[in-house]
Amino acid sequence: MRDVRVVPHQAGWQEKFENEKRSLNKLLPDATIHHIGSTSVPGLAAKPIIDIMIEVPSLESVDERREQFRQLDFVGKGENGIPNRRYFYKGEGNERAVHLHIFPYGIDHVVRHLAFRDYLRGFDKEAKRYGDLKSMLAKKFPHDMDGYIQGKDQFVKDLEEKALSWYEKISGQGTNKP
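With the numbering used here as the guide, the letters of the sequence shown map in order to residues 2 to 179.
By construction, these hints were calculated from the structure, which means they are not laboratory data. Computed from a predicted model, the values in this text were never measured in an experiment. Any given hint could turn out to be false.
Unchecked claim - When the alpha-carbon atoms are kept at most 30 Å apart in a straight line, the in silico DSS-like pairs for lysine-lysine are as follows:
id: 1; residue 1: K170; residue 2: K78
id: 2; residue 1: K141; residue 2: K163
id: 3; residue 1: K170; residue 2: K126
id: 4; residue 1: K140; residue 2: K170
id: 5; residue 1: K141; residue 2: K22
id: 6; residue 1: K153; residue 2: K129
id: 7; residue 1: K126; residue 2: K141
id: 8; residue 1: K153; residue 2: K126
id: 9; residue 1: K91; residue 2: K170
id: 10; residue 1: K141; residue 2: K153
id: 11; residue 1: K129; residue 2: K141
id: 12; residue 1: K126; residue 2: K27
id: 13; residue 1: K163; residue 2: K153
id: 14; residue 1: K158; residue 2: K141
id: 15; residue 1: K17; residue 2: K78
id: 16; residue 1: K141; residue 2: K170
id: 17; residue 1: K22; residue 2: K153
id: 18; residue 1: K158; residue 2: K140
id: 19; residue 1: K129; residue 2: K17
id: 20; residue 1: K153; residue 2: K140
id: 21; residue 1: K126; residue 2: K163
id: 22; residue 1: K129; residue 2: K140
id: 23; residue 1: K78; residue 2: K158
id: 24; residue 1: K78; residue 2: K27
id: 25; residue 1: K129; residue 2: K163
id: 26; residue 1: K27; residue 2: K17
id: 27; residue 1: K163; residue 2: K140
id: 28; residue 1: K170; residue 2: K158
id: 29; residue 1: K126; residue 2: K78
To be verified - Computed beta-carbon distance windows for the label pairs:
id: 30; residue 1: D109; residue 2: G79; range: 18 to 28 Å
id: 31; residue 1: Q151; residue 2: S24; range: 27 to 37 Å
id: 32; residue 1: F124; residue 2: E93; range: 30 to 40 Å
All residues carry an ideal CB built from backbone N, CA and C; glycine is no exception.
Start from the sequences and build out the full structure, keeping to the hints where you can.
So this is what it looks like as structure tokens:
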């Protein structure tokens, strides 16, 4: 079981993402790689785990490279509860460092993650509210990841709804169901 640790934003998170992106670009040259999650939002408190979303032409190309991912110290978990995704992580227990979420190009999960990230980047007050909630929940549930996740679930759903509405207005891009 992992402890819940939320820390103030760290400037080094972007550099960690860029380092991972360089390695992943070599492995998946036809992919688009995005820094997502709270570590991608300047000023936002976060669990110190870099979330990376990768868009690929096909998940088969990812499945064929499982050994190469392992050589980069990533542990593969298959779909891990989300259809049309391949999930990997790097680091064990409380030393978890990176989460990879790999999807085919353009499915709704991609739009959802990008909308959420961009909304928080554009609306500082919403980002602060989210960061404050995460910090409070981490103190309340320091050894209970499920309690932490459940505590922020409704807030995230409501924020995601606002983010998707905003994103669709500014980009003209809706979601495509898988």
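Hints and how they fare:
1. Proposed proximity of K170 and K78 is contradicted: the alpha carbons are some 35 Å apart, above 30 Å.
2. Between K141 and K163 the alpha-carbon distance is near 27 Å, which keeps this suggested pair within the 30 Å criterion.
3. For the hint linking K170 to K126, the alpha-carbon distance of about 20 Å falls within 30 Å, and the restraint holds.
4. Under the criterion of a C-alpha separation no larger than 30 Å, the hint pairing K140 with K170 is inconsistent with the structure, at around 36 Å.
5. The hinted pair formed by K141 and K22 fails the criterion: a straight-line CA distance of about 34 Å is larger than 30 Å.
6. The suggested pairing of K153 with K129 holds, with an alpha-carbon distance near 14 Å, which does not exceed 30 Å.
7. As the CA atoms of K126 and K141 are separated by approximately 23 Å, the hinted pair is consistent with the 30 Å bound.
8. Distance hint between K153 and K126 is fulfilled; the C-alpha atoms sit about 17 Å from each other, no more than 30 Å.
9. Restraint check: the Cα-Cα separation between K91 and K170 comes to about 36 Å, which exceeds 30 Å; the hinted pair is violated.
10. Only pairs whose Cα atoms come within 30 Å are accepted, and K141 paired with K153 is accepted, the gap being roughly 12 Å.
11. For the suggested pair K129 and K141, the alpha carbons sit about 18 Å apart, so the restraint of at most 30 Å is met.
12. Distance restraint check for K126 and K27: the Cα-Cα separation of roughly 38 Å exceeds the 30 Å cut-off, and the hinted pair is therefore not satisfied.
13. This hinted pair checks out: K163 and K153 have alpha carbons roughly 16 Å apart, not beyond 30 Å.
14. Restraint check for K158 and K141: satisfied, since their Cα atoms lie roughly 21 Å apart, inside the 30 Å limit.
15. Taking the CA atoms of K17 and K78, the gap is near 22 Å; set against the 30 Å cutoff, the hint holds.
16. Among the hinted pairs, K141 with K170 is inconsistent with the structure: their alpha-carbon atoms are about 37 Å apart, more than 30 Å.
17. Restraint check for K22 and K153: the C-alpha separation of about 29 Å stays at or below 30 Å, so the hint holds.
18. Restraint check for K158 and K140: satisfied, since their Cα atoms lie roughly 22 Å apart, inside the 30 Å limit.
19. Between K129 and K17 the alpha-carbon distance is near 23 Å, which keeps this suggested pair within the 30 Å criterion.
20. A threshold of 30 Å between alpha carbons decides the hint, and for K153 with K140 the separation of about 13 Å falls inside it, so the pair holds.
21. Between K126 and K163 the CA atoms are separated by roughly 14 Å; this keeps the pair inside 30 Å, and the hint holds.
22. Using a Cα cut-off of 30 Å, the hinted pair K129 and K140 holds, with the two alpha carbons roughly 17 Å apart.
23. At most 30 Å may separate the alpha-carbon atoms for a hinted pair to count; K78 and K158 meet this at roughly 24 Å.
24. With a C-alpha separation of about 21 Å, the suggested pair K78 and K27 falls inside the 30 Å cut-off, and the hint holds.
25. Distance restraint check for K129 and K163: the Cα-Cα separation of roughly 15 Å lies within the 30 Å cut-off, and the hinted pair is therefore satisfied.
26. At roughly 16 Å between alpha-carbon atoms, K27 and K17 fall within 30 Å of each other, so this suggested pair holds.
27. Restraint check for K163 and K140: the C-alpha separation of about 27 Å stays at or below 30 Å, so the hint holds.
28. Distance hint between K170 and K158 is fulfilled; the C-alpha atoms sit about 19 Å from each other, no more than 30 Å.
29. For the suggested pair K126 and K78, the alpha carbons sit about 35 Å apart, so the restraint of at most 30 Å is broken.
30. In this structure the supplied range 18 to 28 Å holds for D109 paired with G79, their Cβ-Cβ distance being about 19 Å.
31. A beta carbon spacing of about 34 Å between Q151 and S24 agrees with the range 27 to 37 Å that was offered as a hint.
32. Restraint check, F124 to E93: a C-beta distance of roughly 35 Å satisfies the suggested window 30 to 40 Å.
The structure does not agree with the numbered hints 1, 4, 5, 9, 12, 16, 29 stated previously, though it agrees with the rest.
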